[in-house]
Structure formats: C-alpha cells, structure tokens
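Participant: Below are the chains, spelled out letter by letter.
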Amino acid sequence: MFNHLLSLLIWLPVVGAIPVLLAGSARPNLARWLSLLVAVLTFVVSLFLLVQYDPSGPVIQLVESHLWIASWGVHYGLAVDGISVALIVMTTFVGVLVIAGAWEVIQDKPHQYMAAMLILEGLLIGVFCATDALLFYALFEAILIPMFILIGVWGGPRRVYATLKFFIYTFFGSVFMLIALLYLYQKAHTFDLATLAALPLSFTEQAWIFFAFLIAFAIKVPMVPVHTWLPDAHVEAPTGGSVVLAAVMLKVGTYGMLRFILPIVPDAGAHFAWLVIVLSLVAIVYIGYVALVQEDMKKLVAYSSVAHMGFVTLGIFIAFMLVRDQGRTDMAMLGMQGAMVQMISHGFVSGAMFTCIGVMYDRMHTRLIKDYGGVINAMPWFGFFYVLFAMANCGLPGTSGFVGEFMVILASFTANPWVSLFAAFTLIIGAGYTLWLVKRVLWGAITNPHVAEMKEINARETLVLAGFAAAVLALGIWPQPLVHLMDSSVSQLVQQLAIHKI
Amino acid sequence: MGLSTSILLTIALAPLVGCVLAGFLGKFLGRAGSHTATILGVALSCALSFYVLYQLTLGGVPEYNQNIYTWFQIGPFNASVGFMVDRLTALMLVVVSFVSLLVHVYTIGYMADDDGYTRFFSYISLFTFSMFMLVMSNNFMQLFFGWEAVGLVSYLLIGFWYKRPTAIFANLKAFLVNRVGDFGFLLGIAAVLYFLGTLDYATAFAAAPGLAGKTLQVTANTQWDAATVICILLFVGAMGKSAQVPLHVWLPDSMEGPTPISALIHAATMVTAGIFMVARMSPLFEMSSTALSFVLVIGATTALFTGLIGIVQNDIKRVIAYSTLSQLGYMTVALGVSMYSGAVFHLMTHAFFKALLFLGAGSVIIAMHHEQDMRYMGGLRKYMPITWITMWVGSLALVAVPFTSGFYSKDAIIEAVGESHRWGAHYAYFCVMAGVVVTGLYTFRQMYLTFHGKERFKVVEQHGHGHGDHGHHEPGVLAHAPKESPWVVTVPLVLLAIPSLLVGFFTVGPTLFGNWFGGAIHVNEANDVLAELGHEFHGAAAMALHGFTQLPFLLVVVAFVICTYIYLFNPALADRIKSALKPLWTVLDRKYWVDDVYYALFARGGVLLGRAFWKVSEKAVIDDAMVNGSVGLVHRVAATMRRLQSGYLYHYAFAMILGLILLLGGYWLVGSGLAGH
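Heads up: the sequence lines are chains A and B, in that order.
Position in the first sequence (from 1) plus 1173 gives the number in the working numbering.
Position in the second sequence (from 1) plus 228 gives the number in the working numbering.
If we strip away everything but chain A, and leave its shape as in the complex, we get (with noise of 0.2 Å):
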C-alpha cells in the first residue's frame, strides 16, 4: 500500500466526495460527517508520508509512475521532496479544518459544497507531487474547476464577476504556460520534470521560457501587478473557499516557480531575478498601503496575503543573486527557507484570518469595518484568537508568521541592504494595517445593537481556531522540525540554482 502512499492521498478525497454527493440534500448531515470523515481520514494518511519521508534520505521519494498518454510520452508520475511534504501536510490539515468549518453555516446543499471541497483537496495534493508537466498542468488547470463552483455557487452577490475575473485571469496566464510546455516537449520529447531541468537551453529560449512561466505563476501567487482577482474573489467567496484559495491555492504559484523556473530556466531566472525582487519590493510595501485603506475586512486580509506573498517571491529570488553574484550558497539557502517557511505560515495565517473573519460574517452578515467596533465585549474568547491571528500577521515572533520573514530579511541584506530596507518595512506597514483593522472592530465600547447580540464563538468554532493558533504557535517556537524536512530539497534547489545551461 505505501508504494501508492501519494495516489491515496490524491484519491482518497475525490473519491471521497462520491458518497458525500449521493447523501445528497436530504440527508446534510450525513453528508457533513462523510465529509469530515474522509478529510480527517486524508490528515491521517498525510501524517504517514510525514513518518514515511527520510528528511537524511534522498531528496525525491515515494515515487510513482505509470505511462499515462502513450503516444505522447506522459506518466503519471508522483513523488515528493520535502516542500511537498510539508505542503500537503498544510493542505490536508487545513481541509479538516474548512469542513469543520463550513458545518453548519452551509446550509444550502452542504453535501455538494463539502464535495466540491475535498475534490479541491485531492487535486491541490495532486499538484504538490506532480513529476510530469503535463500532470502538473492538467490539475493546476483542474482545481479552478471546484473553486469556480465553490465561489460561483455558495458566494456573495458578485460573484458571477468574481469567478469569471478569476478564471480567465488564471486561465490566461496559463495559456503561456502550455506554451512553454508543448516548446519543451517539441525539444525533450517527454514532460518529464527531471528530464527537462537537465534540457540545454540558450539564453533566448530560457527568456521566452521564463516569461511564460512567470505570467502563469505570477497571477496565480498573485504577484503585482496581476494581483486585482484576489481581492474581488475573496470578497465573494464563501469563507471555507477564501481559506483555501488563501492558504493552499496561492501556494501553487510560488510552488510552480520552485519546480518550473529554478530547474529549467536558471540563467533567464538569474539575470531577471531583479525584476522579481522589485514586483515583490512592491507587492510588500505598496500593497500594504493600498490594504491599509480597505473597508471591507475581507479585501483587507487579501491585500495582506498579496503583501506576505512578497516575501516567497522575494525569498526564491533573492537567492539568485546570492548563489549567482556572491556565491553565498549560505545565504541563500537562509532565503529560500524563509520563502518556504513562509507560504507554510501563511497558509495558517491567512487561513485563520479568513475564518476569523467568516466567524464575524456568520453573526452580521457583513464584511465592512464600520458596521463593527467592540466585538470584543461580546465576544472575549474569539477576541483572544482574533488577537493572536492578527499578531501573526503583523509577524510577531513566537508566532509562525515571523520566521519566514525573518529568514529572508536576514538573507537579503546580505545580497542588498536596500532590499531588506524595503521588506523591512513591513514591520510597519503590516503591524499598521492590521492593527488598525483590530482596533476599529474588536477594540472600543460596542458600537451598535448588532454587535451587542453576537454570540460567542461555539465548541466547533473555537476547535478550528484552536486547530490553526496551534500550528502558527508550535511552527513560531519551534520551527526547525518543518526546516529540517525541508532542509536537502532546499539544499538541491539552491544547488540548481548554480547551474549554468547555456
């Protein structure tokens, strides 16, 4: 059975979902049990590939494959390193905690919603541990379909806007992506990762290469200026979907650069990292101004998450130029754990944030700042999570969301005191907006009769915000078990970053 530890995992909730759909809308809460049943059932079996992965061992492992699509050459190859690891922990983890969510504030077909839910998880999974381009391709492509549905069905009044802005976004920019693809398999004759990362490729080739790739991950992280569905897609998403999109989706972005632009196109990435740098420069500082001037809560957390998307590109990229203009294989290995560090605390993170946010929908029924004030008072234990999530945010340490950032601020200016100078600045700028935000809704006297009849968070409510507080806490004081899984995948992708293919 452990030789298909992986395609388990990816099954095992898509499968999954075919009984939480034929419990149909008759009978919901069989339905939500089914579904909690089989995502706990996945967090389990990812627990296994948490025991079954040898950080000390080879960097790939668990690997998978059988011919898929003969007269093209492309498998279904599945393997993992230790950033798919942790990935799929992340997201498996946080699949549990969005249907526990979700449990009763869907309530209009519970079982296609929670369905939908866990064929996202199977196919975010399948993304993680894809070894062949076109697999990868094909289920990036194919997780838009249920958050399409997700937001399209259970969202806000605008979300026929919202899904189409975010579906022929991201499908624009993966247009370019297939092109690079069917280039490189012109060329390789396979879509074999590993086989591709050792292609020749000239300086000309690698540039239209790299830009394809990097549209198609830019607008998935989303990096600015490809940034503007994020925020109108959370707005209308239902909270379960925000969570996702925020913790695990935005992931595959940055997760896409790792094992498409690193290894395949190094040179183009070395000599345009600069470009990156600034994007994520900007992403940080800027962004964080145009979040601080939010109203609605939601857009807010979505700003943020762009801003502290910055610091994965930034942490990616700024090793380029540490192992390429400086030869410190050190530090930039201290970088791009940070960035890695970093998407993992930002999947809690965000993730918590939005279901905080979700808690507060559910009692007013609405996003805006203004309609709050005082929650606190009405809600003291959710006050305590609310204040822990945005002290997360704002990176205090002791918290998961300072490691990451501390890595890579500590890592760029080593490559340039300028660039830290500038990411630096979040120290501010978030601590800013998110404070602010948390003094204008739950701090104060009540403001009106609403907040005053909010109730306290329930037993189910407070166990998923406890679920996220212990992960952002435990990676916060002790994060070096996540570094060492992650340490030899780390380690190679650095080394391949060195590699000159011209």
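A portion of the hints provided could be inaccurate.
As the list claims (entries may be wrong) - In silico DSSO-like pairs for lysine-lysine, Cα to Cα no more than 30 Å straight-line: (1) A:K1543 / B:K847; (2) B:K810 / A:K1543; (3) B:K391 / A:K1612; (4) B:K391 / B:K255; (5) A:K1543 / B:K391; (6) A:K1612 / B:K819.
As the list claims (entries may be wrong) - Pairwise CB distance ranges (calculated): (7) A:P1654 / B:K442: 48 to 54 Å; (8) A:G1197 / B:A866: 35 to 41 Å; (9) B:A448 / A:D1503: 32 to 38 Å; (10) B:D852 / A:V1217: 47 to 53 Å; (11) A:G1500 / B:F830: 36 to 42 Å; (12) A:L1646 / B:M869: 44 to 50 Å; (13) B:V898 / A:R1331: 22 to 28 Å; (14) B:F252 / A:L1337: 43 to 49 Å.
Hints were generated in silico from the structure; no laboratory data involved.
Every residue, glycine too, gets a C-beta built ideally from N, C-alpha and C.
Given the coordinates of chain A, work out where chain B should sit on it, guided by the hints.
Facilitator: What follows is chain B alone, placed relative to chain A:
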C-alpha cells in the same frame, strides 16, 4: 559547580505558567486563585533570581551560556533558544522579578474593583516571562523575541481598558512607534549576521574587533563603516523601546494603562530594555565612536527636552511619565560616554524609585477615586501618610539628593559626561546639568500640588455610589474623603522605598568602580571615563558628602526653593509666570508639536497615500484600464464581429458580392503588377 539549567528554566517559565493559569482558567480559579497562582510564580522566579545573583557574586560560580534548543539550523546559521546569565543578566533578573512581584501584590489592591482582574494578572505574568526571555537571551533571535513579546504585552496592557477610545488609540500608537524602532533593530540584526556571520552573542562579540576597517557598500560611491551601521541600527531599536527622541511619543500616551503597569512596564523594566541591550552589546558599540556620539546626543536631547514638558503637566501620571523619559535620557547619555555600567546602575536605582513614584501615584489615584488631575488634589499628606512619606523618598532619589540611590547613579553619570572627550559631550554635559534643575522643578511641583498646600477638592457624601466610577464624576468632587490605601498597596511602597534610599550607597563601589560586571561589559581603555572617576572615589559616604558641595546639588536646592515659594507661599505666582511666558508654555504644552506633525504626516499621510494608491493605481490603472479594459476590448471586438452574423440573407449576399469584387480587383492589381515585371 555552575548554574543549573533547570533553575534558569524555572525562573523563565514560572510566570508563564501563572499567566496560562490565570488567563485560561481564571473563571475556575476565581480572583483569589488567579492572583495566588501568578504571585507564586513570580515569587518563585524572584527567589531564584536572588539566588542566581548571590551565586554569581559571592558563590564564585562562572557565568552560564548554553543553548536550550535549536530554533533553526540552516547551513552554518544557527538560531537557538538559550540563556546567557552573567552578572549583568542576574542584576536585571533581580530588578525585574522584584519589581514585578511587588506590582503583582499591589495589583490586588489597585484592581480590586475591576472586571478584568484575572486578565490583568495573566498579562503582567506574561510580561514578566517575556522580559526574562529578553534579558536571559544568549543570541539576537531570542533577544528580538523578548523584545517584541514585551511590546505585545505593553500593547495589551495600554489598551487594557479597551472601551476607552484614548486607550486603544494609545496602544496602537505605542505598537507602531515601537515597530519603527524594531524596523531598525531587525536590520541591525541582519547587519550583525552579514558582518559577523552569527546570531550568537559570544561568537559575535569575540569577532567584533574584526569589524574594524570593514565597510558596507551603500551606493556605488558611498561606503559606511560596518560597526557604525550595526550599532546605529541596533540603537534605533533601543530608541523605540526606551522612548528616546524622536521615538519618544508613545510613552506619555501609554499612561492610559492601569497604574501598576505604568510602574512595571513603562518605568522600571520594559522601557529600560533598550539600555540593557546597548550595555549587552558593549563590545560592538565600543567599535564605533560615531555611533556612541549619536547615542550621546540623542540621550542628552531626550534628558533635557522631555523633562521640560514634565513641568507643565497636570496629570500626576504624566509628570512621572515625562520624568521617565528624561531619566531614560540620562541612561542613554551614560551609554554614549561608554559608561555602560553607569547606565545599568542608574537603570537599577531608577527602577526602584520610579516604580515607587508610580505606585505612590496609583495610591493617590485610588484615594482620589480615579481622579488624576493634580489641580484637584492638594493637602493629601494628612490623609495618606505612608504614601506621602514613601513618595518623598522616591522624589528625593529622583532629584538625586546625596546619600539616596538616585544620587549615586545620576551624579556619576553627570561627572562622567564632564570627563568624556567624545564628540557631543559638551552639549550632553549642558543637557544633563540643566536637566537637574528641570527634574527638581517638576518633582517638587508635583509633590507640593499633590500632598501639600490647600485641599482643592470637595467631599460631597453620596450614598449608594461606590468606587470605580472611572471619571464620570464632576472634577474635584469626591464621594468619600480620601484615605490611606490598603496594606497590599502600602507594603510594596515601603519595600520599594528601602532600596530607593539605600541600594546606591551599598552598591556604587563595586558596580561603578569595582569592575563587578566583569566580562559582561566591555570598555576600551581609551574610553574608560569611570577609571578616571575611580581615582577620586573614596567610598560611598565620601562621594555623598562631596556631592553636597557640587553644582548638581545646588541646582536641586534652587529648584526646591523656587517650588517651595511658589506652591506653598504664593500659588498665584504660578499662573502669572504661565501667562508671562505664554509662548514658551504653549511650546511645552503642545509637546513641541511632535505628536501633531507625526499624526499629520504618518497617520493621516499614510492613509492618504493608501487612498491615492487605491483609487489611482489599483482601481483606475490596473483594474479599469488594464484588466477590465482588455476585457472590454475583447467585448467590443466581439460585438463588432457579432454584427456581421446578422442572419439576413441580403447581408450575406451583399458581403459575397463585395468579396467577389475585392477578390477580382485584387487579382487584377496583382496580375497587372506581375505583368509589369
């Protein structure tokens, strides 16, 4: 035998356990259970801290420096959680745990009527834990952890009464201003890692001499000295946490928090973290006299100019808050002239007498039913003698009357600045000397307004109207006559008055002139002003007697005479002076307009900038023009194309004919063109 890890862990974690118990189980434990749990935790830490200090001082135990666990290990870079406990740390542990313990006890009385009783105990225990982690750290990562954790607790405590708009404004302001400092601090840590290749104190300090001659390429043609860059960046952090000009604006507003935490966090311990940090980093700061001059000038400016604002304050807590700013300036000045041990010494004495003054002010506030305006006080001495006497003890220490603790620490700083040849020392000498008069003026004014002179409040008996009605009553009208506070309040006052009076006398010799700190503090021989002062030091008693004949004491006497005349004999004179010096008074009352400028520039300006970005680049340019614009383009093209498919036969027939003509015409053109060749 060395210090055991388990003892140090107990010191750090005992308050955390108390915090968790009071915070999460407060409902089950009840009020008494919560305060018992937290007090026991801190008391245990306090006892063990004294034990550690004893072991390091008299027990001949070597300093402790070990990692507890690896936080991350990436290639050669290690970040750990670990403890470095030498005499500097031990002294800080004792100061923090002692003041914290007394504040815990005091809180039982001060917060007796508050709904957030258990929450408050949870917070102050969390603070104690964070502060321990900060001072016990053996590396920069953990230092930053403690640094930000105390900032978090400060945020929570300033906003403790979260229903008050002023409180939640102040805590946001405090956090953000501190973050500006932390911004520099974090870059400083990054610079340390870049130049010294480690986050570990011991390794970094050992490598510090290698910084000489190293530079940081700032632009193509500019290079900055490595040590100067590191030290100034680190010091920016200290400026935030220790509220030095121009990052001082948050501390006066922090008085929105309950008084016990003003004593603990915003006077005795947290705000001195910056001073401690620079003292801890002495091997680095000794590498850059430029950075030290910077420190000196900032400290001197803070010492004088924030003290001046204290003279015009009417809120009893704000006077002490500005006094704290000014005294932190004195400590910073001491750092600036390489007198690290003097700074830490003043930190210690200040912790005692300033905590005393704050807790005394709190006692007054309880008696006055939460009235803080001194204009409605006066003559309180006969109602609350213990508070009155202990606050005088604290005040005498603050103005540095010889033989008090404050005298030994402050006078040594003033003399050291006089001896120093560092750039900026002349300016600093003027500031610290003028600061003595200023300190005297605001201190005596405060004491007279509060405890002496005529009573400026009325007692109107109101039945069925209790305490705790925060500021809802008419100013100057009390429901009951003021009375002395309960023992949980007065005992801490007495216990703080004792060290305020005596600790300086007994410790000045070893700490300043006896190299008691040993290897914990490093001073280059050329910078060692204390060594020069040491030649003239012949014991604490001689130093105090000598102090009576010196300029600082005469300045205190001048301030005393002025205040006594005005506030005891001629109260109307104060108003006359105020109207005569109206412009000057306005400058001080508006706090040099620094707050207003910051608010307009950074708070309003930030929001305006954000709005401009939001409206112009986000919506107009990116979304409307680029994204929806291209969608619109597709729409328009598609709409045009769609019109072609009208479904009318004559349209298609017409198109066919048109096409035919064009085709034939094309052939003809091309054909004739080809024929031409």
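Participant: Decide, hint by hint, whether the structure agrees.
Facilitator: Hint-by-hint comparison with the structure:
no., hint, result
1, A:K1543 / B:K847, "holds (21 Å)"
2, B:K810 / A:K1543, "violated (42 Å)"
3, B:K391 / A:K1612, "holds (11 Å)"
4, B:K391 / B:K255, "holds (21 Å)"
5, A:K1543 / B:K391, "holds (16 Å)"
6, A:K1612 / B:K819, "holds (25 Å)"
7, A:P1654 / B:K442: 48 to 54 Å, "violated (36 Å)"
8, A:G1197 / B:A866: 35 to 41 Å, "holds (40 Å)"
9, B:A448 / A:D1503: 32 to 38 Å, "violated (26 Å)"
10, B:D852 / A:V1217: 47 to 53 Å, "holds (48 Å)"
11, A:G1500 / B:F830: 36 to 42 Å, "holds (40 Å)"
12, A:L1646 / B:M869: 44 to 50 Å, "violated (58 Å)"
13, B:V898 / A:R1331: 22 to 28 Å, "violated (54 Å)"
14, B:F252 / A:L1337: 43 to 49 Å, "holds (47 Å)"
In summary, the numbered hints that this structure violates are 2, 7, 9, 12, 13.
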